[in-house]
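Residue numbers (my numbering), protein chains in the order written: chain R, -4 to 253; chain V, 488 to 771; chain A, 132 to 427.
Check before you lean on any hint, since a few could be wrong.
Ranges between beta-carbon positions, derived for each pair [as the list claims (entries may be wrong)]:
no. : chain 1 : residue 1 : chain 2 : residue 2 : range
1   : V       : S509      : A       : A183      : 47 to 55 Å
2   : V       : G512      : A       : S145      : 40 to 48 Å
3   : A       : I366      : V       : L646      : 42 to 50 Å
Read the hints as simulated data drawn from the structure, not as lab findings.
In this text, all values refer to a predicted model and were calculated from it rather than measured experimentally.
Where a beta carbon is used, it is the ideal one built from N, C-alpha and C, also for glycine.
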Amino acid sequence: MSQQIQVSSLDAYYGKHKAIEDISMTIEPQSITAFIGPSGCGKSTFLRTLNRMHEVIPGARVEGKVLLDGEDLYAADVEPVSVRRMIGMVFQRPNPFPTMSIYENVAAGLKLNGRYARSEMDDIVETSLKGSNLWNEVKDRLNKPGAGLSGGQQQRLCIARAIAVKPEVLLMDEPCSALDPISTLAIEDLMSELKNQFTIIIVTHNMQQAARVSDRTAFFNLAGQGQPGRVIEMDDTSRIFTNPSQKATEDYITGRFG
Amino acid sequence: MAAIAVFLIVEAVPALQANQGSFLGTLTWTPNNTEPSFGIAALAFGTLLSSLLALVMAVPVAVGVALFISHYAPRRLAGVLGYVIDLLAAVPSVIYGLWGVIFLVPLVQGPYEFIHEYLGFIPLFGGDSVGGHSIMTASIILAIMILPIIAAISREVFLQVPRMHEEAALALGATRWEVIKTAVLPFGRPGVISASMLGLGRAMGETIAVALIFPATFGISFQILAPEGNSIAANIANGFAEAGPIGRGALIASGLVLFIITLLVNTAARLIVARRKEFSGAAA
Amino acid sequence: MTAIQHAPAIRRISTGRRVKDKIVQGLVYLSFAIAVVPLLSVLWLVLSNGFARLNMEFLTHSMRNIGARDAGGGAYHAIIGTLEQVLLSSVISIPVGLLTAIYLVEYGRGGRLSRAISFFVDVMTGIPSVVSGLFILAFWILALGMPFSGFAGALALSILMMPTVVRSAEEMLLLVPNDLREASYALGVPKWRTIVKVVLPTAFTGIVTGIMLAIARVAGETAPLLLTVFFTDSINTDPFDGPQMGLPLYVFDQSRRPTDVAIDRAWAGALTLILIVMLLNLVARLIGWWRSPARR
Ligand SMILES: Nc1ncnc2c1ncn2[C@@H]1O[C@H](COP(=O)(O)OP(=O)(O)OP(=O)(O)O)[C@@H](O)[C@H]1O
Ligand SMILES: [Mg+2]
Chain R
-4 MSQQIQVSSL DAYYGKHKAI EDISMTIEPQ SITAFIGPSG CGKSTFLRTL NRMHEVIPGA
56 RVEGKVLLDG EDLYAADVEP VSVRRMIGMV FQRPNPFPTM SIYENVAAGL KLNGRYARSE
116 MDDIVETSLK GSNLWNEVKD RLNKPGAGLS GGQQQRLCIA RAIAVKPEVL LMDEPCSALD
176 PISTLAIEDL MSELKNQFTI IIVTHNMQQA ARVSDRTAFF NLAGQGQPGR VIEMDDTSRI
236 FTNPSQKATE DYITGRFG
Chain V
488 MAAIAVFLIV EAVPALQANQ GSFLGTLTWT PNNTEPSFGI AALAFGTLLS SLLALVMAVP
548 VAVGVALFIS HYAPRRLAGV LGYVIDLLAA VPSVIYGLWG VIFLVPLVQG PYEFIHEYLG
608 FIPLFGGDSV GGHSIMTASI ILAIMILPII AAISREVFLQ VPRMHEEAAL ALGATRWEVI
668 KTAVLPFGRP GVISASMLGL GRAMGETIAV ALIFPATFGI SFQILAPEGN SIAANIANGF
728 AEAGPIGRGA LIASGLVLFI ITLLVNTAAR LIVARRKEFS GAAA
Chain A
132 MTAIQHAPAI RRISTGRRVK DKIVQGLVYL SFAIAVVPLL SVLWLVLSNG FARLNMEFLT
192 HSMRNIGARD AGGGAYHAII GTLEQVLLSS VISIPVGLLT AIYLVEYGRG GRLSRAISFF
252 VDVMTGIPSV VSGLFILAFW ILALGMPFSG FAGALALSIL MMPTVVRSAE EMLLLVPNDL
312 REASYALGVP KWRTIVKVVL PTAFTGIVTG IMLAIARVAG ETAPLLLTVF FTDSINTDPF
372 DGPQMGLPLY VFDQSRRPTD VAIDRAWAGA LTLILIVMLL NLVARLIGWW RSPARR
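All chains should be modelled from the sequences, with the hints used to inform the complete structure.
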C-alpha cells in the first residue's frame, strides 16, 4: 500500500528567504529514494514539504504542487493533519516521547486515530516493533520509559512509532547520523524490508549508505552562495554513483567538492 | 530562618501561656479580654479554604493562558502578552484589595443571591444569607492575584518543551490539541504543579487584599457565599492595631503557624521541581 | 507496481477529533478572556478613578488635620515614607544580597556552606510578607524595645527583598562565561580583582535589572509595613523615629474608611503606587533590553 509522489515546480521559503527553488521529481511507490548534497542545500526543507511539516515553522511557506497518487497535498481543502497521518517521518535525532513507556510510544499515533481494543492495540504494537527489528530487545520491558533505550534502539522505536499508523510513505531525515555503525546497519536492513510496504525517502550524508540502500538518488546543490537549493540531477542510484551526467554530481560523490 | 522562628516563638509563648482556651481547638479570638482565649482553628481553616478555592479557580485558567501564549497566539502578540503577564504579576496586592472592596463586592451580590436561591440546597452555597464579604469573594480576588504567577511559570515550561517532541507528535498526524496532550502537557506537568504550589503559598500568605474582604467572623463553615470568613493573615492585619501585649503575642503565634504551613507548601513545590530536573536530565 | 488499488488517497480526520480540537481552542481563548477581563477592570478603575483625584494637592499635602468627611488631604507623607523605606531597605539588602550571590557563585561553588545558604535563600523566598513584618515586630520592636519607625519597615522589606536580589544576581553571575575569568587569571590578576573588574561589569546590567524588579516588588508591600511603621497622618521625615506612613499602607487605610472622599484618595494613592511600580519595572526591562544580546 504505497503511492506515487509527484512534485512539480516547488519552492519553499523561510520568511523572505527562499530555501529551495523549482523542484520537480517523481518518486515511485515501493522504492527507496535517497537525497544527497552539501549541508544547507535544502534537503531537509524539501523533505519536510512532502508531509507539510515545513509550514509548522513560523513564517515558512511553500509554493508549487505535491501530488500523492494524483491528489494535491497543498489543495485548499486538504488538512495538513491527515497528510501527516499518511506520510510518516523519522527525524535526525531519535525523539521518543520522554514521559511515555515503550508501548505507549508505539501506540501514540494509534491513539490519535480512533479507538482500538486492547488486544488489537497489542497486536499492532508487536507487529510494529517486529517490523522495526526491536521486538526481541524490548519485549520484556514494554512498560519501561522509551527514553531509557540506547540511541539506536530509540531510533528504531521511532520507526516503529511511525509505521504503527500504517502510512503510505516514510520520510527519514538522516536517521542514522546519531548512531553507531552496528545500529546503522540494523536500520539499513530494516529499510530494505520496509520497502515492500512503504515508499521510503531518506536524506543522508553517507554516500555508501545511499549507494547501499537506495534505488534512486537525487543530488541537491545550491545554485550559488546565498541562492536557493535545487535538484541538480536525479537518476537510478547505480548511474549516479558510476556515471553521473553532471560534473557537480561527480565532484560531490568523489569528494572533490568544497 | 531559624532566627525568625525563635523570635516568633519567644514572643508568642507568654500569650500562649495566658491563653484560657485551647490554641488548636478554640473557635474564638479574644486575646485582649481579661481572660484571653483564642484558637487558630477557624483562621487556619479560612486560610486553607480560601486559598484552595482560589487555586481551583486559577489553575485551569492560568494553564489556558499559558497555552494561549505559548501555542495559540501569533508570535508577535505572544511576546507582548508575556510581558504584560509579567507586569500584572507586579501589581501590588493592596490594589487588588481596593478593587475587591469597591468594585467586586457590590458586583457579586446579585449572582450570589441567584446561586443561593436556586442552588442553595447544596451546602456549599447554603446559609441564612449571602453577601459580597465572603470566602468566595476573597477566593476570587486571590485567584486573580495568583493567576499571573502560575501562568508565567507554566508558559515558561511549555515553551521549554523540546521542539523535536512536538514535531514527533505533529508528524504522527496530531491536531494542535493532540500535540499539546501528547507532548506539551506531560512534559510541563511537574512545572505546572510546582507553579500551582507556589501560587498556593502566595495565596495563603496574602494579607491585605483579603483583610479588606473578610468580615472577621470566627467559625468553621463551608458556606462560601455567606458573609463570614477570616484568615490568619487577614486577622493579623485587622487585629494588630487594637492588640494589647497578649493580643500581639497571640497574633505572632498565629503568624508562626502560617509560616510553617507556607514552608511546607513551598518545600513541596521545590521537591517537585527538583524531581523534574532529574527526570529531564535522564531524558535528554 | 502492485495491482492493489486504494481508497481515496487523503482521508479527512474524523469529526470528533476536529470538534475536540476546536473545543479546546475555544476553551484556551476563553480562559485568556477570563483572565484579562478582571485585570483590565483593575487597571481601568485605578486609572480612571485615580486620575480624577490625583493632583498637586494630593502629591504635596499630608492627611494632618483632615477630618473624617473632609475632601482634602493627600499622600505626601506616605510617598515620602515609601521612598525612604524602600531606599533604606535597598541600602541594606543590595550589598548583602550581592555579596551573598558573589560568594555562592565565585567562592562557594557547591560547598556545604553555600548549599546551606542556598537553602535559606530558598526558604526566605517563600516567606509570606506578613510573617516578615511579624518577625521584625517580634525581634526589633518587642524584644529590643525599638520604636515603630520607617527603619523597622525597611528591615521587614529587606527580608523580602534580599532573597530576590540574591537569586537574580546569582543567575546573572552564572551567565558570565568561565573563559572570561580564566583569561583574567591567566594574566595573573588576583581573584577579587577579577570579580570586581571583569565579572561584575559583565553581569552589571542583568544585576541592575534584577534589583529594580526586587525594588518594584517591595515598594508595593503593605503587610510588613502595617506591623512595623504603624500609621500616621502627619509628615515624618525621620525614618529612624516614630510612626511613618507608606503608600501601600495609605491605600489600605483609606480604603477601609467608609466615606467616598477617602475612597477617592485610595484610588489616587493606588494610581501613584502603580505608576511608581510600573516605572521601576519599565526601567528594569529597558535596562535589560538595552544591553540584551539581541541588540548587540
Ligand atoms: N527554521 C529555519 N528558519 C530559517 N531558515 C532555515 C530554517 N531551517 C533551515 N533554514 C535555511 O534553509 C536552508 C536549507 O536548510 P536545510 O536544513 O534544508 O539544509 P539541509 O540540506 O538539510 O542541510 P544539512 O545537510 O546540514 O541537514 C539553509 O540555508 C538554512 O539556513
Ligand atoms: Mg538537514
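Consistency of the hints with the structure:
1. S509(V) x A183(A): 47 to 55 Å: holds, 51 Å
2. G512(V) x S145(A): 40 to 48 Å: violated, 59 Å
3. I366(A) x L646(V): 42 to 50 Å: holds, 48 Å
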